[in-house]
Amino acid sequence: MNSQQIAALEVQDLTVAYHEKPVLWDIDITVPQGLLTAIVGPNGAGKTTLLKAILGLIKPAAGQVQIFGQSYSRNRRMVGYVPQRSSVDWDFPTNALDVVLMGRYGSLGWFKRPGKKDHELAMTCLEKVGMADFANRQISRLSGGQQQRVFLARALIQDANIYFMDEPFVGVDATTEKAIVNLLKTLRDEGKTVLVVHHDLQTLKDYFDWAILLNVRLIGIGPVQDIITTDNLRVAYGGRGAEIGNALET
Amino acid sequence: MALIELEIILIAIVVASACAIPGVFLILRKMALMSDAISHAILLGIVLAFFVIKDIQSPILILGASIAGILTVALTELVIKTNRIKEDAAIGFIFPIFFSIGVILISKFAGDVHLDTDAVLLGEMAFAPFERFYIHDIDLGPKSLWVMGTILLLNLTFIGLFYKELKIATFDKALSKSLGFSPLLLHYGLMFLVSITAVGAFDAVGSILVVALMITPPATAYLLTESLSKMIGLSVFIGMISAVTGYGLAGLLDASIAGSMATMTGVIFLLAFIFSPNRGVYVQLVRQRQQKLTFASHMLTVQLFDHEGQKEEAWENTVSNMIYHMGWSPKFAKQVTAVAIQNKLITRQKDHLTLTPLGRETAKTAMTL
Amino acid sequence: MILSILSLVNDHTFQVVLLGTLVLGITSGSLGCFAVLRKQSLLGDAISHATLPGIAIAFMMTYSKNAWILLTGAALAGLLGTFLMMGITKFTKIKQDTALGIILSVFFGFGLVLLTIIQKIPTASQAGLDTFLFGNAATLLKEDIRVMIILGIFTCSVMAIFWKEFKLISFDPDFAKSMGLPITKIEILLTTLIVLAIVIGLQTVGVVLMSAMIIAPAAAARQWTDNLGLMVFLAAIFSAFSGMAGTVLSSSISHLPTGPVIVLIISSFVIISLIAAPNRGLLWAYIQHHIHQREVRTKTMLSNLLLFSESQTNPFHPHDIAALTAIGKGTVSMMLKLKTDGLVNQYPDNKWSLSPKGLKIAQSFSKEGNINHGSH
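Respectively, the protein sequence lines represent chains C, E and Y.
Oh and the first sequence: position 210 is 210 in our numbering, straight run, nothing missing.
If you want our numbering, it's the 1-based position in the second sequence plus 250.
If you want our numbering, it's the 1-based position in the third sequence plus 619.
Next comes chain C alone, as it looks inside the complex (with noise of 0.2 angstroms):
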């Protein structure tokens, strides 16, 4: 089989319950190579459970995931993480460098600290989301969509060949989502695969290739103008389906 042709991700049979109260049903997902992809979903629908049962960080009651054809923890060096912003303290004694080093950890290894090598490389990094300026300024004093931008290079240090963001427009300015998403399309264009956690059915079409609508269930996976239907988002979002679907036709 040709490369090209391993799916990038593979989600098999994935349920997830929390207290046997199911979150995600019995989801199967195939996500070709270099797509930007977004999940997306009602609250509650299970979008961050998704990512985070992917990640590992979460035990499914059922279900496989395959990352390039093999077991997440195989291929865990081809995955980047983007947590929520809001999963983490903020006021913790570090700078913006220091955050983005922390990509890192994983290839480094115990014991080892990071060199000056990987300082260069967390620097391209910060360049790349326009925050070099801000290398040593205290996380707490970043604006929201600056501390999103750190997080950013912190996956782009990562190298990998799949990066999975967790609402990652959630609270930054409009500056900020411009520049996000031209770095979503660069990463997509140099054949990296991007799966986003999104809550703005408005931006989709815009935004990314590839939709995954959730509600507990999977409702579709494919193509952006093929997944948001009026049928589909009935599903997903009930009554107010219809009038999403509308909003987004105007």
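These are calculated hints, taken from the structure and not from any lab test.
Please note that the accuracy of each hint is not assured.
Said to hold, decoys possible - Listed below are the simulated EDC-like cross-link pairs for lysine to aspartate or glutamate, each with C-alpha atoms no more than 20 angstroms apart in a straight line: (1) E/336 <-> Y/845; (2) C/112 <-> C/159; (3) Y/709 <-> E/476.
As the list claims (entries may be wrong) - Examples of chain C residues lying across from chain Y (beta carbon under 10 angstroms, computed): (4) 87; (5) 95; (6) 112.
Said to hold, decoys possible - Simulated restraints, written as ranges between beta carbons of each label pair: (7) Y/679 <-> C/120: 39 to 49 angstroms; (8) Y/739 <-> E/254: 46 to 56 angstroms; (9) Y/904 <-> C/59: 37 to 47 angstroms.
Think of the CB as a built atom: it goes at the ideal place given N, C-alpha and C, for glycine as much as any other residue.
Since the structure of chain C is provided, determine the placement of chains E and Y on it from the hints.
Showing chains E and Y alone in chain C's frame:
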């Protein structure tokens, strides 16, 4: 049993009951460790008030010393508000200051305070009956029984008067504000009760063990009941049992009464933790296993339903596939299949699994959840 | 008193004791940073109280006061308390604060029961176990100090070795896990080190107050720096200084228990840091706030004057003070300040206008267009 022993048990029971009542609200409001802070901080209040009043059971001393408790709470909240120190660190750094000053004063002026560090840690329950309460030379019993009885009554009155308000403020702060109750007033009211109860109990159980009596019986009750009113009653009851059995244990081991009472609250908690009929670890483990199997059997029906009639059914709907795709161990797959067959959800021909009509219904309901 | 301190410091035995408190301070200060940053300050409180029954049982089993034996008992009890606490929050809906309260008070109560039993054992050389309650540096033996130093060096070295992992799981455990770090194991290791850091100080500071040596140095150090390495370093220094100063004081003044004295010294570090540390200090913030306020008000005033002047043909037309007081109190004093800066001119009857220099500055503000949202 000698009268004096009865009196000690009675004091122990009253102390434990008085502590359990504010404790219920402390743990429900996630402020259990405020009792730790307060119980340490009141030591300074007691020592300072004692310098002035010289009678450890005077109501004025008790009120005065309680201020130290309120002050700790207020100072801690002030420090948290600066956003420079996180809540837990703020709690953990303020009360040791109060407590340290208290201990130093006691050590320096031990002769003047009639207190030593042993009394601070252990209380002097065994000596409590020697301080008598007289009116016109009539012996009305141990003074500390009267003091703690009054505090118990105060706690009961407060809870009785503000039961509804406390309940709403505890479970829904926003609603309580919109209804016009001042959560701040109730909060400080509760903190005052905790302080005054800790000061009152100081003589009997010392400064730190109050925490055990305030937190552990309510936590035990929390494992046994859902209703707030039952939880209060049960906490008091568990506190009383801890008091009586603690007294017995102390006699048996010839050890500190207060320490034994604290130990017994822990023993009773441990029993409830393991054996509580609804929330105990034992029941939970059993139930979890059952639920896991039932849930897995439902998952199985969903999986079978999804692939029914499709071309890959021959491969998807097999036991082998469960092991492969669902990531189940062969043993677990076997157990799940057995449960599903037993519940008439599926039938099995060799490796192949087929849904029954009931199984199909189960899958549909499971998916709409 | 100064004489007695001098003779103490020259005393060889006491120098050894000081070395012990130095190590104790460095260890508790640096590991405490991780406890505080992981919002586990009160776990430290629970652990230190929970060690008491461990000490007592270790003594009852061996009748020995050897530091290795007693501190091993303490560490095991501390760890047991931690795991029980985690079990309670995992298996029930009891919240962490309640679980901590239960462990803290019940373990401590049980420890006191055991202590009262030990006190009544006639043959036991029990004298000395009490020092574990409030700490007493004066009773430290050379062997105790040796144990403290070995444990301290071990704890700090492990911290240095796993520095980057500890930092990562303290900041972003999910990210660490996604990279494949065994975060549960790292967390257990870190918690064990914190338990050891507590155990090291039990004889000197005491069970009751040891948690302050974990929390306070970190809380103080955090105010001075935004760098984790520097924070750990400062916390170690604050803590070591407090440990040594407290030991000297309590040894040279009679009836002064060591633990409380050390706690008061380290607490004053926190208070001073909270108020006076640059950037994060409250005093600093207060001054910054006022400078900022004044800037905003000056800008507003100049812009208002500009607005008035634009309605006139002559930009330097004087206006009555009454028209300018809209921005609030202190208008007159501000105008006088602006006048000394040469930005405004004063006319009779309390009338004011922009000066040419003031006009230029006011115009530059209105170009920036950010007069009213200077603050956040």
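What are the numbers of the hints that this structure violates, sorted from low to high? Of the numbered hints given earlier, those the structure breaks are 7, 8, listed in rising order.
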